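Sequences listed follow chains A and B, in order.
Per the numbering used here, the first sequence starts with residue 370, numbered consecutively.
Per the numbering used here, the second sequence starts with residue 98, numbered consecutively.
Hints were generated in silico from the structure; no laboratory data involved.
These numbers come from a predicted model, not from an experiment.
The beta-carbon is built from N, C-alpha and C at its ideal position, and this holds for glycine as well.
Hints are all accurate, no fakes.
Pair by pair, the computed Cβ-Cβ distance ranges are:
no.	chain 1	residue 1	chain 2	residue 2	range
1	B	Cys-521	A	Glu-394	37 to 45 Å
2	B	Leu-505	A	Glu-394	57 to 65 Å
3	A	Ala-483	B	Gly-445	41 to 49 Å
4	A	Arg-424	B	Gly-445	36 to 44 Å
5	B	Gly-445	A	Glu-423	32 to 40 Å
6	B	Ala-469	A	Arg-424	54 to 62 Å
7	B	Val-512	A	Pro-534	49 to 57 Å
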Amino acid sequence: MLEIRHLRKSFGTLVAVDDVSFSVERGQLVGLLGPNGAGKTTTVSMIAGLVTPERGDVLIGGARLAGDTDPKKRQIGLVPQDLALYDELPAGANLRFFGALYGLSGAALDRAIASALELVGLADRVSDRVSTYSGGMKRRLNLAAGLLHDPDILLLDEPTVGVDPQSRNAIFENLELLKSRGKALLYTTHYMEEVERLADRIVVIDHGRVIADDTLAGLQSRVAVAGGGPATLETVFLTLTGRSLRD
Amino acid sequence: MTTLIPLLALVRKDLRLFFSDRRSVIVSFVVPIAIASFFGSIFSGTNNREPARIAVAIVDHDSSAISTGIVAAAGADKNFRLTSPAEAEARDAVKRGRASVAVIIPAGFGAAAGNAFFGNGDKPPLDLVYDPSRAMEVAMVRGILTQHVMEAVSREMFGGEQGRKMVAETLPQIAASSMPADEKRALADMLASVQKFYSQQPPVAGEATRRGITMPYTVREEAMTAGSNIAYNGYAHSFGGMAIQFLLFAMANAGIEMLLERQRGLWKRLRSAPVSRVTLLAGKGVSGTAISLMILLVSFAFAIIVFGVRIHGSVAGFFSVAIACAMMASAFGLLVAAIGGTPATARGVTTLAVLMMVMLGGAWVPTFIFPAWLQQFTMIVPVRWAVDGLDAMTWRGIGISGAVVPTLVLLGFTVVFGTIAIACFKWEEA
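The shape of chain A in the complex, shown without the other chains (with noise of 0.2 Å):
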């Protein structure tokens, strides 16, 4: 559904991203880990078109994502890191907004609305303006937002930073439920735990660049540890990327 073809991306002398491939099929939700500053930003900026890559290339379905208005946008739902919201404005008026820049009006919007409400709990909210909403219940209409126009992929960036338990398990059920709707999701955080319950594949990038694309099985096999037990991921992940610190 989603292939990453060779993206690169630099900022002055900096390389941030380095011939990063990767890609995420249907009913797929793939984990991309990596350290502060490995690229995992701006390679899902590259992918939702807020970057443009000097090379590679971004395709949705087998075809080549082409600038700013090239309908196959409409395939991708973005849930920004930030809390991507007016805070000024109730729930339903942020949602309202978001699905017309996605073409959507009148009843199809309506639907979506309260569809994109229901699935993360918060349909008798609709009216409340965002800013008397608790940090979980932000994260969730974030979420909320980001599938408001039913895209068949999901890029997550961190979804659930700086929420309760509660709300994170909420979230998580509503991953699943959309990888079970044969949505393709593309999932970056720092919590291992949270790619080892959902992940089918991990994408682990580090100084730009690939350096592990495999299942959890996988990524455990290449790890011996004492005892002869499975290595934990964060094990894993510290062998491959190193215990130095990063800016």
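Dock chain B against the given chain A, drawing on the hints supplied.
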């Protein structure tokens, strides 16, 4: 997908955000009306009311016919609010700002001024003690006082006791002088004629019946407004100026809001949607223009209803200037968003920029009080054209021709601001 749905959504969202912020609404609509009402009451001109009188303290140490004449004339002058305290009190009044000027007439002033009138005596000083912060009032007092002193001195010298005495004393001095005989005879004949004139006119008790040298003309003033029966309405200028100031502030704030939207990650969502860059900026431009136009029109609507401001020129011209002004302000907001850096930096810089523009553009005070070079400089300030255009369409009563140049210039500024904004806008959202 049609671009109209996202465009309308962008505009609707910005309008909704603007009106959801009560502080923005008050600052944009109520504050300019309040300030414009205040400035309008000050600059409404003399047609509507009596001008404020200048506080003048006068001290007469002379008590001669001339000095009492000066005091009486100054007391009757409608430009002065005259008091006659002791000298120490007069000086204290000026020092404390209760009087703009203290006029001190020294002893012997009348006699000396009479002698100096015909050029054969030293000119006596008339002391003016003034408040240096009120230089314009001092200049007015000096001019008005000149008239009163000349009138009092000439009246006394051409018909008063002092004049008679001076002629009587001068005739023997001429006879004894060494001047040429023909000049001596001519001068003696002239003074003898004056003496004869005096002898035929006995001294008069009522000074008002005698007149000295007076201004040999009167001034007929005509305020060049929209028509002969239409008085200048200072509120038209003040409401135009204040509305422009606050719509610029509103648009600068809109630009800063765009920077905040970027900080909050909202532009990532906007940019990830299949919406063109033109549509995104056009949405901001249209909403900004709509808000600016509302601020301008609401301000003028208030001025029309409450203060009787009228569009004496062309209504179409008024709207063309108003729309062009709103577009210029909206493009200014985009410029702030494009080159503003961080919201905090942009806030400081744009506040200064807006204040400079409105000050130089004549939104606070008319530009004619500026030095000539500064008046020329203000031609590059868009506010100047907006203010001039709105003045032309309101109290000046100029037809559509008066709106053409301001409208075109404002549209030119819109293009310049917009082009720089598009060129500098940061589109990548890493």
